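From just these sequences and the hints, can you work out the full model?
Number of protein chains: 2
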Amino acid sequence: MAMAVTNRRVILKRYVQPGLFSEDAMEVVTGETPPPPGAVAGSAAVLVKNLYISCDPYMRNRMIRHEVSTYVADYIPGEVLTNYGVMKVISSGHPGFKAGDLVWGVTGWEEYTLIDKPESLSKINHPDLPLSYYTGVLGLPGLSAYVGFFEVCKPKKGEHVFVSSASGAVGQLVGQLAKITGCHVVGSAGSDEKVNLLKTKFGLDDAFNYKKELDLDTALKRYFPEGIDIYFDNVGGSTLDAVLPNMRLFGRIAACGMISQYNLESPDGVHNLFYIITKRLRMEGFVVFDYKGMYHQFEEEMAGYLKEGKVEYVEDIVEGLDAAPAALIGLFTGRNVGKQLVAISRE
Amino acid sequence: MAMAVTNRRVILKRYVQPGLFSEDAMEVVTGETPPPPGAVAGSAAVLVKNLYISCDPYMRNRMIRHEVSTYVADYIPGEVLTNYGVMKVISSGHPGFKAGDLVWGVTGWEEYTLIDKPESLSKINHPDLPLSYYTGVLGLPGLSAYVGFFEVCKPKKGEHVFVSSASGAVGQLVGQLAKITGCHVVGSAGSDEKVNLLKTKFGLDDAFNYKKELDLDTALKRYFPEGIDIYFDNVGGSTLDAVLPNMRLFGRIAACGMISQYNLESPDGVHNLFYIITKRLRMEGFVVFDYKGMYHQFEEEMAGYLKEGKVEYVEDIVEGLDAAPAALIGLFTGRNVGKQLVAISRE
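Chains as they are written, first to last, in full-length UniProt numbering: chain A, 1 to 347; chain B, 1 to 347.
It cannot be assumed that every hint is accurate.
Identical copies look the same in the list; a pair holds intra-copy or inter-copy alike.
Distance condition first, Cα-Cα at most 30 Å in a straight line; then the derived DSSO-like pairs of lysine-lysine [as the list claims (entries may be wrong)]: (1) LYS88 / LYS307; (2) LYS199 / LYS123; (3) LYS13 / LYS154; (4) LYS292 / LYS279; (5) LYS156 / LYS279; (6) LYS157 / LYS13; (7) LYS98 / LYS310; (8) LYS279 / LYS117; (9) LYS211 / LYS49; (10) LYS88 / LYS211; (11) LYS156 / LYS117.
The set of hints was computed from the structure by calculation and includes no laboratory data.
Quick caveat, the model's predicted, so the values are computed rather than measured.
See below:
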C-alpha cells in the first residue's frame, strides 16, 4: 500500500487562558506517519486514515489547564488534538477490523492515526448516508439532541419548546425531534440566514435572531405568550436568565451547553433562579458520554428519519487541516452555519 | 359562650417595596369579632379561635404587589394577613366540625376568624403532641422537608448531604431525616448557638457558622472533601454559587427557599451554573402545596418519629399578636432559633 511518509497534524501550542480564545493556541505541524500496526509486534492497534473530524465547543475547555480534572481530560501542549471523527482503516492488528473498514470514534486532528484501543471505534452501519454525518447527526451531537430532548426533557405532545443555538449541530436536531413529537417549537440563532433555515428547512413554528432583539424577555413573551414548557439550553448566561421568568409551571431545562460563557474571563451571573422554586422547574445537566448505551437505538431511529426525509441536516464543512483551527474558533463567534466539521480527506 | 367583642388583628398596611422589609409594612389594629356562623342563615362556615400562627419567609413575597400573580395570592393593604395556624372551633355551621374541635389550616393573623370554606381545615390527629407542632414539624414546614428530601432529592444511604439554614423550620427536619436515611450530613447556620444545636440536639455529623467563614468554597471543601451528593437549598445566592463546584457527579439540589435573596433590590447573580452540565446535576424547585396528597402518610410517619424520640423539634415562640410583625421580620435576619411562630392564645 502506498503511504504518505508525512503526517500533517494540529497540536495544542499552549494552554488557553480564561478569556479570549484564538487560533494561536493551536499550530499545524508536519510529523511522521505512524508505523502500521503490523510493524509493532503483537499490536492489536489499528492504523486509520482520518476523513472527517468534528469541531465541538467542549474542545475549548480541554485546552485549559485544570487543577482538578473536569469531565474530559485536558489536552497537552505539543500533542495532537483529539476528538470524534470518521476514519477508514488502513491496516489492522485487531481481529475486529480490516483494511477498508469505515469507522467512527475518537481520533487525532491529523492525516493518519494509530489507534491503540480500537475497541472504542464503531462501525459505520449506514454508509449509504453521507459519511460525514457520523460526526454530527449520527454521531455524538445527534445522540446529545436525542437523549437531551427525550431522556432529560421528557416532552409531551403539544408542549412549547424553546431551543437556543437552534441551527447548530445539536440544536437543529432538537427542534426537528420536537416537531416530530408534536410540540410547538421556536428557535433562536445569531443571523437572519440561520433564522431562515430554522423556519424553512427545519420546519420550526417560528424563529428569531437574538442579535436583533433589544430585550430578550420581551422577545420570549412575544414568541411564547403562554410560556415555555421545555428550554433546551445550548448557550447559558443572559439567555438562560431571560428564559427563567418565561417558563411555565413544572417546566424543564436541559443544560446541554453554555457557549456564551466559555470565552468570558468570569461567567455571567444568572439572577432569576428564584423562578426555579415558584414555577417548580427542573434544570438538569447532561453529558452525552453517559448515554453511549443508547447509541444503537438512536442510530437506527435517526437513520430512519434521515432516509424518510423527516429530518434534515445542515453541515458546514471546511477543507483540510490547515483550516481546522479557524473552524474551531469560529464556533464561538457563530461563523458556522450548521454542524462544523473538517474534511481531511474525501477518499 | 362568652366571647370577646373585639378582635385584635395584624393587617398589611402597605405593599412592601423591593429591598428592605420592616415592621411598618404591618399594623396591629382592633376590629370587631366576626359573628358566629349560626348568625348567618344557611352558612356552612366555622368560627375559630386562633391558638398558634406560623411565621414563614414566603409571606414577604405575598406583601409585594405583583403584576402577574405568583404561586400564592398577594395580600391586600388594609386586610388581615393569612397563613397556616392551629385553631379551636368555637361554633360551626358545617356538619364536619363542632365546637371544641382542634384543627389546623389557613387562618387570619387575629384572635378569631370566620372560615367560610372549612373543607380546607384538617383535624389534629395527634393532640398528645404539642399543638403548636401543627405549624411546623407536623404542618407544611415538616411536609416540605419530607417531600423535598425524599421526593426531590431521592437520597441513598451513605450519600453526603449539605443543608443550609439547617436549624430553621424546614432545615432542622431535613438534617434529621437525612441522618435517619443513613446519610452523612453537615449543616450551616448563622450563629454559634444554632451550630451547637445542629451538632448536639439534631445529631448532624458536623455544622458550621457561615458568618465566621471567610470563604464558603474553602469551608465546603473542608466539610466535604469528597463533595456533596445532595444540597437542600433554603438560602440561594452566594451559598448556592459556592456549593455548585463542590457537588459530586449526578448530585441533586432541592430548591426549597432562597431567603438570602428576598430582601435584595435585585437578586445576586449565580456564576457557577456550568457545573450543572459538567457534573450532571439536577436542580429542582418544589412548592409544598403540590404535595398535600402526601400529608397523611407524612403525618403518621413524622408523629411516629416524634413519639419515639427519633426526631427533635425546636420552636421559637413569641407571645401575642403585638409581637407577630417583629417575629416575621426576624426571619430575615436570623433572629429566630428554630421554627418561628406566634402564640395568640394558649387556651
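Do the hints match the structure? See the list:
no.: 1; hint: LYS88 / LYS307; verdict: within (23 Å within a copy, 71 Å between copies)
no.: 2; hint: LYS199 / LYS123; verdict: neither (34 Å within a copy, 57 Å between copies)
no.: 3; hint: LYS13 / LYS154; verdict: neither (42 Å within a copy, 45 Å between copies)
no.: 4; hint: LYS292 / LYS279; verdict: between (32 Å within a copy, 17 Å between copies)
no.: 5; hint: LYS156 / LYS279; verdict: both (18 Å within a copy, 27 Å between copies)
no.: 6; hint: LYS157 / LYS13; verdict: neither (49 Å within a copy, 46 Å between copies)
no.: 7; hint: LYS98 / LYS310; verdict: neither (34 Å within a copy, 66 Å between copies)
no.: 8; hint: LYS279 / LYS117; verdict: between (47 Å within a copy, 27 Å between copies)
no.: 9; hint: LYS211 / LYS49; verdict: neither (40 Å within a copy, 60 Å between copies)
no.: 10; hint: LYS88 / LYS211; verdict: neither (41 Å within a copy, 61 Å between copies)
no.: 11; hint: LYS156 / LYS117; verdict: neither (41 Å within a copy, 36 Å between copies)
Hint compliance for this structure: hints 2, 3, 6, 7, 9, 10, 11 are not met, and every other hint is.
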